[in-house]
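Asks: These are the residues of each chain, in order.
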Amino acid sequence: MIRVSLPGNLQTLAGTGRMVDVEVSGVPTQRSLLDALEAMYPALLGTIRDASTKKRRPLLRFYACEEDFSDASPDDPLPAAVVAGTEPYIILGAIAGG
Amino acid sequence: MSRVRILVGTRKGAFVLSSEASRKEWKVDGPHFAGWEIYHVKGSPVNPDRLYASQSSSWFGQVMHRSDDGGKTWETVGNQFQYEGTPGPHKWYDGSPHPYEFKRVWHLEPSLDDADAVYAGVEDASLFVSKDAGTTWSELPGLRTHKTSADWAPGAGGLCLHTIIIDPSKHDRIFAAISSAGAFRSDDAGQTWRAINHGLRSEYIPDPDAETGHCVHRIAMHPSQPNVLYMQKHWDVLRTDNAGDEWHEISGNLPTDFGFVIDVHAHEPKTVYVLPITSDQYHVVPDGKLRVYRSKSGGDEWEALTKGLPQKDCYVNVLRDAMSVDGLDPCGVYFGTTGGQVYGSANAGDSWEPIVRDLPAVLSVEAQTLS
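The listed protein sequences correspond, in order, to chains A and B. According to my numbering, the first sequence holds residues 3 to 100 in order. According to my numbering, the second sequence holds residues 201 to 571 in order.
Don't read these hints as lab results, they were simulated from the structure. Careful: at least some of the hints might be erroneous.
[Stated by the list, open to error] Derived lysine to any residue pairs resembling SDA-like cross-links, with alpha carbons at most 25 Å apart:
| # | chain 1 | residue 1 | chain 2 | residue 2 |
| --- | --- | --- | --- | --- |
| 1 | B | Lys272 | A | Arg20 |
| 2 | B | Lys212 | A | Phe71 |
| 3 | B | Lys272 | A | Gly10 |
| 4 | B | Lys212 | A | Asn11 |
| 5 | A | Lys56 | B | Gln391 |
| 6 | A | Lys57 | B | Gln391 |
| 7 | B | Lys272 | A | Thr18 |
| 8 | B | Lys303 | A | Gly28 |
| 9 | B | Lys272 | A | Lys57 |
| 10 | B | Lys212 | A | Val26 |
| 11 | A | Lys56 | B | Gly278 |
| 12 | B | Lys212 | A | Gly17 |
| 13 | B | Lys303 | A | Pro44 |
| 14 | B | Lys303 | A | Ile97 |
| 15 | B | Lys291 | B | Gln391 |
| 16 | B | Lys303 | A | Glu40 |
| 17 | A | Lys56 | B | Lys272 |
| 18 | A | Lys57 | B | Pro287 |
None of these values were measured; they are calculated from a predicted model.
Work out the full structure, taking the sequences as your base and the hints as a guide.
Replies: What follows is the structure, given as structure tokens:
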């Protein structure tokens, strides 16, 4: 089970707490993880990635294991610690504003 | 026993204000969707407990919600707004071609005869419709592909379709307004459109009398006189008596004719409300005084309505979707400010009271009269 950390506005929208557990079949990648997350919480469709192009929304970042995966290939395998559930996959709103 | 419900959209959530017909005691419920920018919330005239809400965020994009219990609970509905085909460019601020890109829903206009049908005016400017209570949305591309659309340029708020009015006497007639393209009319339920800007004059475009390019801020209609429309343009307040074929200025004795909101009394088709703003460079009320202006003659002659409103040290703006009227007698008038106040008048504007003072900046106000 992969642990995903959601920013506050998406917690409100999905009706969850900060951490959600997501089951991914096959080799987990960012794409398959986000596909599974959106399938669990359809209200999130289009809020993390563009619903059509699946491109990351510009003001969101994806972190894991103290690294920035925002611009990594969405089809690369996720780090083992994320897949094992010992490290979270963090979806973060970029800092903007005063 | 009648009641009033005010649907308030703010920069950080939605609020529902409710009162009995006396409009003296108000219950404030919210925030709904805390943290989200709520561009508009509006109820169906067919089923007033059916509400539609548009949430927008620079981070998370567009989200839509529907309520079937007057805003007590909400359900997420479809947020996919796909332009048909490959949309052509519009003009950018510098005049260069700029690709069309969906950004947000500015305005929701529920159908007059079907609670499951609702129109959405979006940025970049186009008109969408849902016939399944917001689950799916389809573009009505006739407006976006109007022969003038390659020359449309955004106003400061973006290239937004912010006003949708359905003619209550013939539902296939729809009026829409776009900043800064102008006003448009469809007589075939949104399939085809004609620009209706004759008589508008805008000094900020190369040809002040051009067919399009006018920054229309808001249009209002009284349902009993659907050929009479009132317009608050960037500068100038105008009226048409023939459904937009010809407009004439009615700014008269207003202290400034810049502003955003305009609305019409529920029972007096010639009684019009505006809220003058200092200028396009200074988006606050003039002289530190919050004043609604009312004309009882369809414009030209305006009286300041100040009782109960701050008359010194007030520097707020009132945005284009942030005024509404209820259907009670006397007519209730409501508006919300960028300072977070929602003011109401239970006597057609003669006096005002703050319903709530310290909300986030108000983006939209819609009044519902409930039986």
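Asks: The structure should be examined with respect to each hint, and the outcome stated for every one.
Replies: We went through each hint and held it up to the structure:
{"no.": "1", "hint": "Lys272/B - Arg20/A", "in the structure": "holds (24 Å)"}
{"no.": "2", "hint": "Lys212/B - Phe71/A", "in the structure": "violated (29 Å)"}
{"no.": "3", "hint": "Lys272/B - Gly10/A", "in the structure": "holds (21 Å)"}
{"no.": "4", "hint": "Lys212/B - Asn11/A", "in the structure": "holds (11 Å)"}
{"no.": "5", "hint": "Lys56/A - Gln391/B", "in the structure": "violated (31 Å)"}
{"no.": "6", "hint": "Lys57/A - Gln391/B", "in the structure": "violated (32 Å)"}
{"no.": "7", "hint": "Lys272/B - Thr18/A", "in the structure": "holds (19 Å)"}
{"no.": "8", "hint": "Lys303/B - Gly28/A", "in the structure": "violated (35 Å)"}
{"no.": "9", "hint": "Lys272/B - Lys57/A", "in the structure": "violated (34 Å)"}
{"no.": "10", "hint": "Lys212/B - Val26/A", "in the structure": "violated (34 Å)"}
{"no.": "11", "hint": "Lys56/A - Gly278/B", "in the structure": "holds (16 Å)"}
{"no.": "12", "hint": "Lys212/B - Gly17/A", "in the structure": "holds (17 Å)"}
{"no.": "13", "hint": "Lys303/B - Pro44/A", "in the structure": "holds (20 Å)"}
{"no.": "14", "hint": "Lys303/B - Ile97/A", "in the structure": "holds (20 Å)"}
{"no.": "15", "hint": "Lys291/B - Gln391/B", "in the structure": "holds (23 Å)"}
{"no.": "16", "hint": "Lys303/B - Glu40/A", "in the structure": "holds (21 Å)"}
{"no.": "17", "hint": "Lys56/A - Lys272/B", "in the structure": "violated (33 Å)"}
{"no.": "18", "hint": "Lys57/A - Pro287/B", "in the structure": "holds (19 Å)"}
In summary, the structure is inconsistent with hints 2, 5, 6, 8, 9, 10 and 17 from the numbered list given earlier, while agreeing with the others.
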